[in-house]
Amino acid sequence: MTSQPANLNELVGQHTPGYALPREFYTSEAVFDRDIADVWNRNWIWVGHESQIPEPGDYFLFDYGPESLIIVRDRNGDVRAHLNVCRHRGSRVCVEGAGKARVFVCPYHAWTYELSGELRAGREMGPDFNPEDWGLKPAHVQIFQGLILVCPSAEAPPMDQALGQLAPLTAPFGFEDLKVVHTANYPVPANWKLAVENYLECYHCAPAHQEYSRSHTLKSPQQMEALLPAMYERAVAAGLPNQVLDLTGEHALSPGSEVYYRRYPLYEGFKTGSKMGEPLAPLLGNLTDYDGGATDIVLGILNYFLIYSDHVVGYRFVPRTIQETDIQVVWMVRKDAEEGRDYNSEDLTWLWHVTSQDDERIIRHNQAGVNSHFFEPGPLADMEWAINDFYRFYKTMISPR
Amino acid sequence: MTSQPANLNELVGQHTPGYALPREFYTSEAVFDRDIADVWNRNWIWVGHESQIPEPGDYFLFDYGPESLIIVRDRNGDVRAHLNVCRHRGSRVCVEGAGKARVFVCPYHAWTYELSGELRAGREMGPDFNPEDWGLKPAHVQIFQGLILVCPSAEAPPMDQALGQLAPLTAPFGFEDLKVVHTANYPVPANWKLAVENYLECYHCAPAHQEYSRSHTLKSPQQMEALLPAMYERAVAAGLPNQVLDLTGEHALSPGSEVYYRRYPLYEGFKTGSKMGEPLAPLLGNLTDYDGGATDIVLGILNYFLIYSDHVVGYRFVPRTIQETDIQVVWMVRKDAEEGRDYNSEDLTWLWHVTSQDDERIIRHNQAGVNSHFFEPGPLADMEWAINDFYRFYKTMISPR
Amino acid sequence: MTSQPANLNELVGQHTPGYALPREFYTSEAVFDRDIADVWNRNWIWVGHESQIPEPGDYFLFDYGPESLIIVRDRNGDVRAHLNVCRHRGSRVCVEGAGKARVFVCPYHAWTYELSGELRAGREMGPDFNPEDWGLKPAHVQIFQGLILVCPSAEAPPMDQALGQLAPLTAPFGFEDLKVVHTANYPVPANWKLAVENYLECYHCAPAHQEYSRSHTLKSPQQMEALLPAMYERAVAAGLPNQVLDLTGEHALSPGSEVYYRRYPLYEGFKTGSKMGEPLAPLLGNLTDYDGGATDIVLGILNYFLIYSDHVVGYRFVPRTIQETDIQVVWMVRKDAEEGRDYNSEDLTWLWHVTSQDDERIIRHNQAGVNSHFFEPGPLADMEWAINDFYRFYKTMISPR
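Protein chains in written order, with our numbering: chain W, 1 to 401; chain X, 1 to 401; chain E, 1 to 401.
Chain W on its own, in the form it takes in the complex (with noise of 0.2 Å):
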């Protein structure tokens, strides 16, 4: 009935490091149930931006696994997180996907809770019960520059001074004056880990996505260092840092507090992430030109993003079942631009639209080969080594305590 394999640390006493994850670990529910209660729960969750719920009752719900949060500004404008669990019976209390809501009530025996999560009363509940003992259960916030960031465990990672080291760098994008435009899900058949990995390696690009490899370098190490002078040149000169803040793996300032940040060049006559380098959008914040750069950032080990010089793109990789991922792409731009005018969704999301899918694809031929009893993990290859990362931040986060 527990959940926890007497048997937990022995498998992960069968990963060798510097190679792929033995098959159990996308293959056992067991797994998969540790990976939702000690990773996904205990750490920081990008949820979106600040921009999606201005005004207060303004909220959406963010789901993985069994679980369901619920992001809401309250009445003093301040953004909240709530398990979206009634203290009652445990409806779900809030089922619409996003809107705006004076009050939450739960549609089963209408407890109603307050926007800051309080119940406000419990129904024919007799003079005992207590209504300050049960509001909904909260959830940590952290909005950095406008990212909304979640941890729904009582403890969260501290990521006060990891964010204050990256402040000053992404400063000049303007982050907070970003607004949503387009999100894309795409399902794949795969443990969510596996898609992590994709994410966290450019091993893949230059065999599987032709279109990305056109205009991106990280494919090819060498080239990239080539490159790197004259972008930093060019970016420096619009505005933003020539620093790389490396705060993973061994620099990790604690496990799940996590934060990265590189530029790095894009191919010539690239100015974004777009067909045939062309500009996509309005310039970001305070920039003054496209630098022909691209920046990788990491926050806590769930969150992904790229920044080009007009438009953001985060990646989540989110759990539904053991080998049922949803990868799910946002796509953001300055929030006074306007479609038609000043972008073209179509245009924006081409690169990413035609690289997820190619991802899917693999990610999901990787599962399939993964099931194999005859799997055994292989040697990572030196452009994997962000994989390494993870496995060991994995490795502790699932370990028995």
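What the hints contain is simulated information worked out from the structure, not anything from laboratory work. Please read these numbers as outputs of a predicted model, since none were measured by experiment.
For chains that are exact copies, the list does not tell them apart, and a pair is met inside one copy or across any two.
Think about it this way: if two alpha-carbon atoms lie no more than 30 Å apart in a straight line, the pair counts; the simulated DSSO-like pairs of lysine-lysine are:
| id | residue 1 | residue 2 |
| --- | --- | --- |
| 1 | Lys275 | Lys335 |
| 2 | Lys395 | Lys137 |
| 3 | Lys219 | Lys137 |
| 4 | Lys395 | Lys219 |
| 5 | Lys137 | Lys179 |
| 6 | Lys335 | Lys100 |
Starting from the known structure of chain W, arrange chains X and E on it as the hints suggest.
Just chains X and E, lined up with the frame of chain W:
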């Protein structure tokens, strides 16, 4: 391989009386296995009415979870129930949902069973084979005023005494002379226990059932009490007793022998469970008038009925898989009533059709929330007292012996 | 986490020889895991005929459970079989079901394998990486008169001696000169063992297979015996041996090395397995006439064939999930026969199409009944002797070592 989890005792011990059940009761496959083997297989299940199988050979199947039962009238005119599992290699013996049979011939190897369940012949089984040893396994059958109850296990909870007490109370309704006029199936993606709990309390009626709450007073115990004396006066005048029979919870004669009878008032102007209060069918049995009441009946732990003055509605919450349940609603009227002339099926079924649709929705959201790792069972309201009794019984049934 | 249940021994011990297997063998995921790892992965599987891959680079995939095999003719003209799992991070290497390849390039990171399975190159894997260590895992290949058998595990049951005895018996049929003209897939919601058991006995033929029983005498051992001498006379005249080879059950040379050959008479007037007895295709191999017989062949434990005078039908019962199995039926005729002129596919496949549809139905009902908690394994009939042998073998294979 054993389906008895080592720590079912531990799980049962985690439940606090007066609170909802912990998550694992609704999410663990091992618990679901116990639910079928220890609760459904060992208790009385209402499967239909004698009028559905008037002649020898008439039969129908009743399926739940992995089980299937044949309910048949044998050559002597008795109703029998058999496990629908061939004694040879286990095939379903009868594969049509209902019909008329002279014998039951297994579709696999033609083992042929009498209506009484006896094996007529085991083709080519050799001289040492004694057909008498290989009849279909019998289920217990109990007929209560035409209602067919079956219990598949070797030992069935004793019902004679409790039903003996119930008999005079229900006699005026003439259950023997009912006929089934409509059966509806509402599939809900939730554990069957959440569907039972939903039926067992009217705390949710006011917020969730607008139509029902216009006519039924159960949603407000105070209003019900206030209208009770006048209803009892009308009930007695119409030929009904003014008694309550509560052999449930602490008053149960033995576990699984629960019987409950209580009539309660509808709101003024409502003769029955109709849209505007108008009659829906001819008066049942010996009733001389509409008393504006409705009777709740419980038989055993799994079977629920609502008796209006002119029709009876039966309810079952049939488990399919751990989180798939069929809410089955069965409408009965007196057998000499004619569709079109005496009743209209659409009007007759309206209330419990819309009410069951509401229930499907709220039970579904209940399961979604209970699936969360953050679900913590909350306190039950006074109006949910019957759930407490159900939990007590349920825990007794699934506890390792 | 280990897929070896602690009490598999206990479960094996619960089986009484001469009776059906207990329920858990068909319902436990842990048992299914053993079925793949210990039975399918360690035995010979018939995957096709050499004529399907006549030239170097021609390949097809064979999938079962979570496994996938590449069967390919290499540059030397030899048939090879490889596990379709990349040695890097486990992706399926080949994703098209059949085709012609010069090399196999993994769709993920472009690791490139020769037709022989050797890794040509591991792109960017650094100086310490030796491609020789990372070829595709090989499966054993055994060609028997054109039929391709593979065994994925490192150790394969020895077949040479048994096939050596079979060779002269099948020689007159000219298996080398067959071609596959039709393959059909009958998905059945049942455990693969129930499908095998169904194939292994003709006790069900009379009640379940009307068409088959008109022409085939297996349903009646007495009638078969009576017609045997005349058939043997015709068989010998047509160029066939009058021998039986039974290297199964107690006569097996080693577990998994089973071979069986027995020819039996069709009813009078039937030259082959056709609707009215008429020929369906040109005589096989060196046969000079129709002898009105049919030969049952078993190769190993998983592969079954029926040889008529003018065509061969092969059968496989391919596990997909615990209760999803594909009955695969493959029709072969001599390779110089021409559709339309020498045979007609619809006539050729008629008998085993209708018979397999019958089998799908009865196997499905078998599984439904076996799922019941009330299922108790019953006694096998004499005509089900081969199931006994299958159980004996099966229990040996899955018993913990």
